[in-house]
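Throw the hints in and build the complete structure from the sequences for me.
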Amino acid sequence: MQKSQAYGQRLLRGQTPTYQRLQARLAEDGRRESSGPIAVHCGWGRILIGHTYPDAASLSAELLNEAPGERDIALYVAAPQQVLAYAPQQLFLDPSDTFRLWFSDYRPAHEIFRGFVIRRVQSEADWSAINCLYQARHMLPVDPSHCTPRDEGGPVYWLAEDETSGQVLGAMMGLDHRKAFDDPENGSSLWCLAVSPSCPRPGVGEALVRHLIEHYMGKGRAYLDLSVLHDNRQAKALYAKLGFRDLQTFTIKRKNTINQALFLGPGPEADLNPYARIIVDEARKRGIEVQVDDAEAGLFTLTHGGRRIRCRESLSDLTSAVSMTLCQDKQLTHRCLARAALNLPAQQLAGSREDNAAFLAQHRRVVVKPVNGEQGQGVAVDLTGEDELEAAIERARQFDTRVLLESYHAGLDLRIVVIGYAVVAAAIRRPAEVIGDGRTRIRALIEKQSRRRAAATGGESRIPLDDETCRCLRAAGYDLDSVLPDGQRLPVRRTANLHTGGTLEDVTANLHPTLQEAAVRAARALDIPVVGLDLLVSAADAPDYVFIEANERVGLANHEPQPTAERFIDLLFPLSQNTA
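Oh and the sequence shown: position 486 is 486 in my numbering, straight run, nothing missing.
Be a bit skeptical, because a hint or two may be false.
[Unchecked claim] When the alpha-carbon atoms are kept at most 25 Å apart in a straight line, the in silico DSS-like pairs for lysine-lysine are as follows:
id, residue 1, residue 2
1, Lys241, Lys219
2, Lys255, Lys285
3, Lys241, Lys448
4, Lys219, Lys179
FYI, nobody ran anything at the bench for these hints, they're computed from the structure. Values in this document were obtained by computation on a predicted structure and should not be read as measured data.
Structural data, given as structure tokens:
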């Protein structure tokens, strides 16, 4: 094994010509006894071990046998041009890079990862949580019934679970090459690494990778391989830190809608934000023509079967100007929903200091927000003093000269998405929070969490270091320079908006019928076909609620894996629905 490992290290340093020559030498030495072509099913598709196939024609033919809705990957392909030559219109060279870590180069972590455990997938609930995570990260879900059995060299799935909440924070798949295809190099590989976009714990991705490394080291394996998109700089930086180096090998996949972005390359929609892109991607899957009018503004036009509709993210020509105004002006929203006999907070316009003080005295706890605002800008929640009330009003006036006062109601922040007057998705939105480690200042914790949220949401979610954040810290007895005790969770915002660092927990399946009925009534009162409704509730499965506001341009990407984009396109182009 030492000879094999040293040879592999020279390969990585460029001291041998090609990986193909390595395989030829292994065959000549008699160190690999092939039992025929090897294909390992992983629940989302197959990994085809390229050098176990007798020739390029047979590997190409096997890739063309890919099952519908799955994604096969041919790995360790020494002569990709020969495989592609057999089906150039159906196969493509994957632009991902392959990396290898020889375990002799591995160095354990200096710090301890706290707050979560890593374990194997054990139950149907685990699989459900992992598949929700994978779909939220635009990955294929796993059907465990399709997986090659473990005793036949099949994959093993692992997850990272929060010790406090039980939330699945991340997941990955490991493959033992010795068991899978009697690998003469005695290796292993990592696949399907994903971390939740709402993960509050630092280091989950690194901890998962290290866990798999140390797991296979304990089994006596010699290396770990993995594949990563060529432009994923954040992941590449992590792998370089752990000691991974480039492996000169190739991967081939079949052209399908799942892989479309990889073989077509970036189009005009590449510059769209996630809220517009999720709709454009669904439209393209159905053969709907897409014209990007202004990527920065999220403007695009969809055309299909003689029907042409303009959109700005989820706001389309189907929403009238009157309905849009009813949502944007929170006074009008309040009056419209009141006429529909829905539960609402008390509300009045901010006026003189005396009028504001009287409203505060009546309700004791108050919310301040601009009449026309979005993304939580200018909103202050749970104000109890006259001075902080007046200061919040002045901050809100930076976004609209008209400012509203509302009675404060405790509860969970629930967003319900209604499309075509039917509830499609619901999520509890939680304010941004940080978790202490006993040594890092709160300012640095916020900055780290903000970077993680931005990376997970394409830059859409960040925690502002503004007056509202400082007010929340002061109310909890801290400031930006305080050190939070190890393991303590601290909310740093009162509003749960995604754009200010909030996270979402899908509760669609548990939504109480009373809340569903109230949401549909609100959409019909506003006469708006696509809307995001915000309510305060005691629980998603309880009937009590208070309506807060309506959003005419709801972020559909925030609710994956619920089929928000699919239902949106169904509404715009009913004839494009898949009736199979």
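Do the hints match the structure? See the list:
This hinted pair checks out: Lys241 and Lys219 have alpha carbons roughly 23 Å apart, not beyond 25 Å. For the hint linking Lys255 to Lys285, the alpha-carbon distance of about 13 Å falls within 25 Å, and the restraint holds. Restraint check for Lys241 and Lys448: the C-alpha separation of about 18 Å stays at or below 25 Å, so the hint holds. A hinted pair counts as satisfied when its Cα atoms are at most 25 Å apart, and Lys219 with Lys179 qualifies at roughly 11 Å.
Hint violations for this structure: none, all hints satisfied.
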